[in-house]
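J.: In order, the protein sequence lines correspond to chains S and D. Residue numbers in the first sequence follow my numbering, run continuously in steps of one, and reach 109 at the last position. Residue numbers in the second sequence follow my numbering, run continuously in steps of one, and reach 420 at the last position.
If you are wondering where the hints come from, they were derived from the structure by calculation, not from laboratory data. Heads up, a few of these hints could be off.
Stated by the list, open to error - In silico DMTMM-like pairs for lysine to aspartate or glutamate, Cα to Cα no more than 25 Å straight-line:
no.	chain 1	residue 1	chain 2	residue 2
1	D	K169	D	D126
2	D	K137	S	D35
3	D	K290	S	E41
4	D	K137	S	D97
5	D	K169	S	D55
6	D	K137	D	E151
7	S	K29	D	D274
8	S	K29	D	D245
9	D	K367	D	D393
10	D	K147	S	E25
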Amino acid sequence: MTWRIEQIVTLVGCRTPDLEAWIAEQWIKPIRDDDGWVFAEADLARAQLIRDLTDEMAIERETVPVVLSLIDQNHALRRQLHDILAAIGNLPPESRDEIMRQLGLSEIS
Amino acid sequence: MRDPYEILGVAKNATPDQIKKAYRKLAKKLHPDLNPGKKEIEAQFKEVSGANDLLSDPDKRRRFDAGEIDAAGQERPQRQYYRQYAQSDDGRRYSGDFAGGDAGFGEDLFAEMFARARGGRGGGGAGGNFRMPGSDVTYSLDVPFADAAIGARKRLTLPDGKTLDVNIPAGTEDRQMLRLKGQGHPGHGGAPAGDAYIEIHVLPHAYFRRKDNDIHLDLPITLQEAVLGGKVEVPTVDGKVSVNIPAGSNTGASLRLKGKGILDQRSKQRGDQYVHLQVILPDDADGTLKEALKDWAASHPYDVRGKAGLG
Chain S
1 MTWRIEQIVT LVGCRTPDLE AWIAEQWIKP IRDDDGWVFA EADLARAQLI
51 RDLTDEMAIE RETVPVVLSL IDQNHALRRQ LHDILAAIGN LPPESRDEIM
101 RQLGLSEIS
Chain D
110 MRDPYEILGV AKNATPDQIK KAYRKLAKKL HPDLNPGKKE IEAQFKEVSG
160 ANDLLSDPDK RRRFDAGEID AAGQERPQRQ YYRQYAQSDD GRRYSGDFAG
210 GDAGFGEDLF AEMFARARGG RGGGGAGGNF RMPGSDVTYS LDVPFADAAI
260 GARKRLTLPD GKTLDVNIPA GTEDRQMLRL KGQGHPGHGG APAGDAYIEI
310 HVLPHAYFRR KDNDIHLDLP ITLQEAVLGG KVEVPTVDGK VSVNIPAGSN
360 TGASLRLKGK GILDQRSKQR GDQYVHLQVI LPDDADGTLK EALKDWAASH
410 PYDVRGKAGL G
């Protein structure tokens, strides 16, 4: 599912100039085709997050990019950790157990 | 729902400002996007925002205090949080990954890992000495029905200003993925770039419907055209064509326009277009049709429901 700017404004409950400013600041990065911006589900959810930060939590405009950057870095780390865990999961059992042992992890049976 | 005053931790006689402050404090603590790893927090946040919706609206709060309404039903409708997409392909555009993206910052960690593996201590040099191919990126794109049917070229501008020319092949299906090789995130240490994937969303058409490789269209025709037959213009994805309606065509009769459907991507054969006729009676404001049919009807009775097994 994708949306156009007018739909995003309604769904998020923000004003068009706000949304345009968020795009200009690269807080949201929709792609563009001949008819204008195309918003994916991640873009919509991110616009709602920005609305929550500014309206519900009264986070100041200058602080928003700091919060977004920390959230993004957190997700990048989670993704990397996830990939590493998946790679460990694919190792032979002895190697996997050795890693678990070094991390001090053990399963409760 | 629990008592909204209790949920927000404010007194029954709290001022609107105190309620606002209490809510903001809790929102900062409980917003699901600030707690990406905690699944259960969403229910808590929902409760808190429901309590705030009730108490921040003076009218609702008054009616709640008077016992006219209860706190139930104040929960907000289900919504999606960014954290649900952050780990998806779409989220990669924001959070990046090992090799690239805005927040992709694994370089130092991996350089360190390789340095350790070689027996050295501590981190490697800036940038690190390792190769890693770039990751794939996914974008979503809306495509009008006719463009997906007969094919089109679309120019996309990416968030970084780069443009991609996307060739939409004839017969593209809804949710089909197009792959643009080497258009994803750049690789690291001389490794190749990832690919860009474009997920196509075919927009529904005002009157064409797709079923497999055939296109279906309901075509209204006049009483005269139904009884007497005649030539009519019919829209197809290739443009208008002239079609002969046989005399005596009923509602429900369909005409097949061979090869006017959608290209099958495997067999390279085009499907057909089916035109389903719908007889539309005139508005007969002056009653002349009614008048003309009176005599005719009396001398031409015919059984339609018996034939359909409804008699």
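J.: Run through the hints listed earlier and report the numbers of any the structure violates, in increasing order.
T.: Those not satisfied are hints 2, 4, 9 and 10.
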